[in-house]
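In order, the protein sequence lines correspond to chains L and C. Residue 54 in this note's numbering is what sits at position 54 of the first sequence, and the numbering runs on without skipping anything. Add 1000 to the 1-based position in the second sequence for this note's numbering, that's all there is to it.
Check the hints yourself; a few may be wrong.
[Claimed, not checked] To give an idea of the chain L side of the interface with chain C (calculated C-beta under 7 Å), a few residues:
| # | residue |
| --- | --- |
| 1 | 4 |
| 2 | 11 |
| 3 | 12 |
| 4 | 19 |
| 5 | 25 |
| 6 | 29 |
| 7 | 54 |
| 8 | 58 |
| 9 | 61 |
| 10 | 65 |
| 11 | 68 |
| 12 | 77 |
| 13 | 79 |
| 14 | 80 |
| 15 | 81 |
| 16 | 89 |
Hints listed in this document are in silico derivations from the structure and should not be mistaken for laboratory results. Beta carbons are placed, not taken as given, at the ideal position from N, Cα and C, and that holds for glycine.
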Amino acid sequence: MTAVPASAYLTLAAFLFAIGAAGVLIKRNPIVIFMCIELMLNAVNLTFLTFALHQPNLQAQVAGHVFVLFVIGVAAAEVAVGLGIIVVIFRLRETIDVDSVSLLRE
Amino acid sequence: MAERLFFFLCALVAISTAVGMVASRNPVRSALLLVANFFCLAMLYFTLSAQFVGIIQIIVYAGAIMVLFLFVIMLLNLGSPEAQLQERELRRPLAWLLAIGLFLVLVSQVFLVVNAQPQPHGAAGTARMIGSAMFTQWSFPLLIVAVLLTVGVIGSILLARRRSA
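Pulled out of the complex, with its shape left as it was, chain C reads as follows:
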């Protein structure tokens, strides 16, 4: 019962922060609501016995990536009220209609597919299991992700450099 209550609370906060992020016109407010959303999702990851991924979610997403977002918002001075972009009001109903359709399609699949029972091993979410799997079974995909991150870093440095020379 307590688990259901906890899930319900986290889901409620996650849904309301997600809707608030899309509805808000201030990008700073959107970013902070998204941080709250990531925290709620991390709590849900904990309930799915994924401790390591939950911690990584908080450190990497809420800690690093969202700070990068806030940094760029401040750098471009988009937080001030006169810099707010106008929303495209006309396309709004169509976009929401598309989103509702997408949601209904996904949920129909959810109730067709799932009748499985959870099979918690407990050890699956630990850093030891994930690390040993990542460096043995998944070492080649790990290398590809490493190359991708290196290329991303070099590319963003090249993009940010002023071409004065």
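Just chain L, same shape as in the assembly:
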């Protein structure tokens, strides 16, 4: 069915994960940092689906798909709370630069 080897999918997922990790380290805008985290979660989802296709029995394949849906649900909850926190920080400090928001350190 699929002529593309699994290692190609997994290499792509590893690359996307590494790009997301680099973005989390580089960016100063917390919204873009959240986007990079979403990219990393999607890379993990890609590995889940790749390995699900290589499982011998049907139940294990479906389990991989179910787990991807759980990851999407948790990501949605994370985004809702995270963006709420960003809006509150912007309301309090008029900036959302992650270097200037160091309230817990002072």
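On the provided structure of chain L, position chain C as indicated by the hints.
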């Protein structure tokens, strides 16, 4: 051959949009590039015979979550050029070095582990199979995710409320 070509095209667009998202200074442009990236990943999910997850990816991620991102960017007025944050230039080489190291570690594991053959059943990606598994075998994790989403909604409402009273 056509499948390889399709995978190569999707992977190329996914990689270039991901790099563009990190490299772009405008958060609106980053969000739109990420939407394109999610579409490419959904196409790859289709090639992995995961139709339902691919559709959910487009509806939930590209449709709902990214609109939420764009909404907050517009709400905080971060799209205008004078609101752009300065990047930390000094840490840039170190971050890319770390990312390349992470990539190499992951890829070394990829080529150590995988020599399996794909075993497509065809039925695994359908909504019927996923739904019946989710509401029987995985019903308790589903309940936990439901509680998590409810708590998330209540928490974001509490955070967004103005404390004027």
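Hints versus structure:
For residue 4/L, the shortest C-beta to C-beta distance to chain C is roughly 4 Å, which falls under 7 Å, so the interface hint holds. Because the beta carbon of residue 11/L sits about 6 Å from the nearest beta carbon in chain C, less than 7 Å, this interface hint is met. Because the smallest distance between the Cβ of residue 12/L and any Cβ of chain C comes to about 5 Å, under 7 Å, the interface hint for this residue holds. Hint on residue 19/L holds. Least Cβ distance to chain C is approximately 5 Å, under the 7 Å limit.
Hint on residue 25/L holds. Least Cβ distance to chain C is approximately 4 Å, under the 7 Å limit. Look at residue 29/L: its Cβ gets to within about 5 Å of chain C, closer than 7 Å, so that hint holds up. Nearest Cβ of chain C to the Cβ of residue 54/L: about 4 Å, under the 7 Å cut. The hint holds. Using the Cβ-Cβ criterion of 7 Å, the hint placing residue 58/L at the interface with chain C is satisfied: the shortest such distance is roughly 5 Å.
Interface hint at residue 61/L: satisfied, since its Cβ lies 4 Å from the closest Cβ of chain C, which is below the 7 Å cut-off. The interface hint given for residue 65/L holds, since its Cβ lies 5 Å from the closest Cβ of chain C, which is under the 7 Å cut-off. The interface hint given for residue 68/L is met, as the beta carbon of that residue sits about 5 Å from the closest beta carbon of chain C, less than 7 Å. Because the beta carbon of residue 77/L sits about 4 Å from the nearest beta carbon in chain C, less than 7 Å, this interface hint is met.
The criterion of a C-beta within 7 Å of any C-beta in chain C is met by residue 79/L, whose closest approach is roughly 5 Å, and the hint holds. Hint status for residue 80/L relative to chain C: holds, with the closest Cβ pair at about 5 Å, below 7 Å. Satisfaction of the interface hint for residue 81/L is found here, the shortest Cβ-Cβ separation to chain C being roughly 5 Å, below the 7 Å cut-off. The criterion of a C-beta within 7 Å of any C-beta in chain C is not met by residue 89/L, whose closest approach is roughly 10 Å, and the hint is violated.
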